[in-house]
Amino acid sequence: MESKFIPEAIKIVKSAVQADNENKLKEALALYKKALKYFIVGLKYEKGRSRELVREKIDDYMKRAEEIKAALADSKSNKKTVVHAGSGSTKVKKKKKTGGGEGGE
71 MESKFIPEAI KIVKSAVQAD NENKLKEALA LYKKALKYFI VGLKYEKGRS
121 RELVREKIDD YMKRAEEIKA ALADSKSNKK TVVHAGSGST KVKKKKKTGG
171 GEGGE
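For what it's worth, my numbering labels the leading residue of the sequence shown as 71, then goes sequentially.
No lab work stands behind these hints, which were simulated from the structure alone.
A hint or two may mislead.
With a straight-line cut-off of 25 Å between C-alpha atoms, the simulated SDA-like cross-links for lysine to any residue are [stated by the list, open to error]:
{"id": "1", "residue 1": "K146", "residue 2": "K127"}
{"id": "2", "residue 1": "K84", "residue 2": "L106"}
{"id": "3", "residue 1": "K146", "residue 2": "M132"}
{"id": "4", "residue 1": "K84", "residue 2": "S147"}
{"id": "5", "residue 1": "K139", "residue 2": "S73"}
{"id": "6", "residue 1": "K117", "residue 2": "I128"}
{"id": "7", "residue 1": "K81", "residue 2": "Y115"}
{"id": "8", "residue 1": "K127", "residue 2": "L113"}
{"id": "9", "residue 1": "K127", "residue 2": "K139"}
{"id": "10", "residue 1": "K127", "residue 2": "F75"}
{"id": "11", "residue 1": "K117", "residue 2": "K133"}
{"id": "12", "residue 1": "K96", "residue 2": "A143"}
{"id": "13", "residue 1": "K107", "residue 2": "K127"}
{"id": "14", "residue 1": "K133", "residue 2": "S145"}
{"id": "15", "residue 1": "K81", "residue 2": "I128"}
{"id": "16", "residue 1": "K81", "residue 2": "E92"}
{"id": "17", "residue 1": "K103", "residue 2": "K133"}
{"id": "18", "residue 1": "K84", "residue 2": "I128"}
{"id": "19", "residue 1": "K114", "residue 2": "E136"}
{"id": "20", "residue 1": "K107", "residue 2": "S147"}
{"id": "21", "residue 1": "K107", "residue 2": "L142"}
{"id": "22", "residue 1": "K94", "residue 2": "K114"}
Label-pair restraints from in silico Cβ distances [said to hold, decoys possible]:
{"id": "23", "residue 1": "R121", "residue 2": "S145", "range": "35 to 43 Å"}
{"id": "24", "residue 1": "N93", "residue 2": "R121", "range": "19 to 27 Å"}
{"id": "25", "residue 1": "K84", "residue 2": "E122", "range": "19 to 27 Å"}
{"id": "26", "residue 1": "K117", "residue 2": "N91", "range": "27 to 35 Å"}
{"id": "27", "residue 1": "Q88", "residue 2": "E136", "range": "14 to 22 Å"}
{"id": "28", "residue 1": "N91", "residue 2": "E126", "range": "33 to 41 Å"}
Note that the coordinates shown come from a computational prediction; the quantities given were computed from them, not determined experimentally.
Ideal placement from N, C-alpha and C gives every residue a C-beta, glycine not left out.
Put together the whole structure using the sequences plus the hints.
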């Protein structure tokens, strides 16, 4: 039986990568999550080397989704985050605090 899940996952992940490259991180994260669900379901229909390749892609996209999630969490906690898609690295720059608010920074 041929699965329709993997082709659909590929279609979704292409959109995720595009959003990621355009620095639309919230959209990219949602699309990566959706694609991962399809990949995981489709994995049970794959055999042999094909199954291994799908598993490797799942790992890659899972890592990228985790990086984006961390970057979004950092940006919510008073940091400006620059994420470079595909480079495997995240650069974080702290915003300078202005004004007399609480917190002691």
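Going through the hints against the structure:
1. K146 <-> K127: Measuring from Cα to Cα gives roughly 29 Å; hence the hint is violated.
2. K84 <-> L106: Satisfied, since the Cα-Cα distance of roughly 12 Å is no more than 25 Å.
3. K146 <-> M132: holds, 21 Å
4. K84 <-> S147: Outside the cut-off at roughly 30 Å; violated.
5. K139 <-> S73: At roughly 29 Å apart (the allowed maximum being 25 Å), S73 and K139 break the hint.
6. K117 <-> I128: It holds: about 15 Å lies between the C-alpha atoms, which stays within 25 Å.
7. K81 <-> Y115: holds, 18 Å
8. K127 <-> L113: holds, 11 Å
9. K127 <-> K139: holds, 18 Å
10. K127 <-> F75: holds, 14 Å
11. K117 <-> K133: holds, 23 Å
12. K96 <-> A143: holds, 11 Å
13. K107 <-> K127: It holds: about 12 Å lies between the C-alpha atoms, which stays within 25 Å.
14. K133 <-> S145: Satisfied, since the Cα-Cα distance of roughly 18 Å is no more than 25 Å.
15. K81 <-> I128: holds, 14 Å
16. K81 <-> E92: Holds. K81 to E92 sits at ~17 Å (cutoff 25 Å).
17. K103 <-> K133: holds, 11 Å
18. K84 <-> I128: holds, 14 Å
19. K114 <-> E136: holds, 23 Å
20. K107 <-> S147: violated, 29 Å
21. K107 <-> L142: holds, 21 Å
22. K94 <-> K114: Distance of about 31 Å is beyond 25 Å: violated.
23. R121 <-> S145: 35 to 43 Å: Because 36 Å falls inside the window, the suggested range holds.
24. N93 <-> R121: 19 to 27 Å: Violated, at about 33 Å.
25. K84 <-> E122: 19 to 27 Å: For E122 against K84, whose Cβ atoms are near 21 Å apart, the range 19 to 27 Å holds.
26. K117 <-> N91: 27 to 35 Å: With a Cβ separation near 33 Å, K117 and N91 satisfy 27 to 35 Å, so the hint holds.
27. Q88 <-> E136: 14 to 22 Å: holds, 19 Å
28. N91 <-> E126: 33 to 41 Å: Once the Cβ atoms are compared, 21 Å apart, the range 33 to 41 Å for E126 and N91 is violated.
In terms of the numbered hints stated before, the structure departs from hints 1, 4, 5, 20, 22, 24, 28, listed from lowest to highest.
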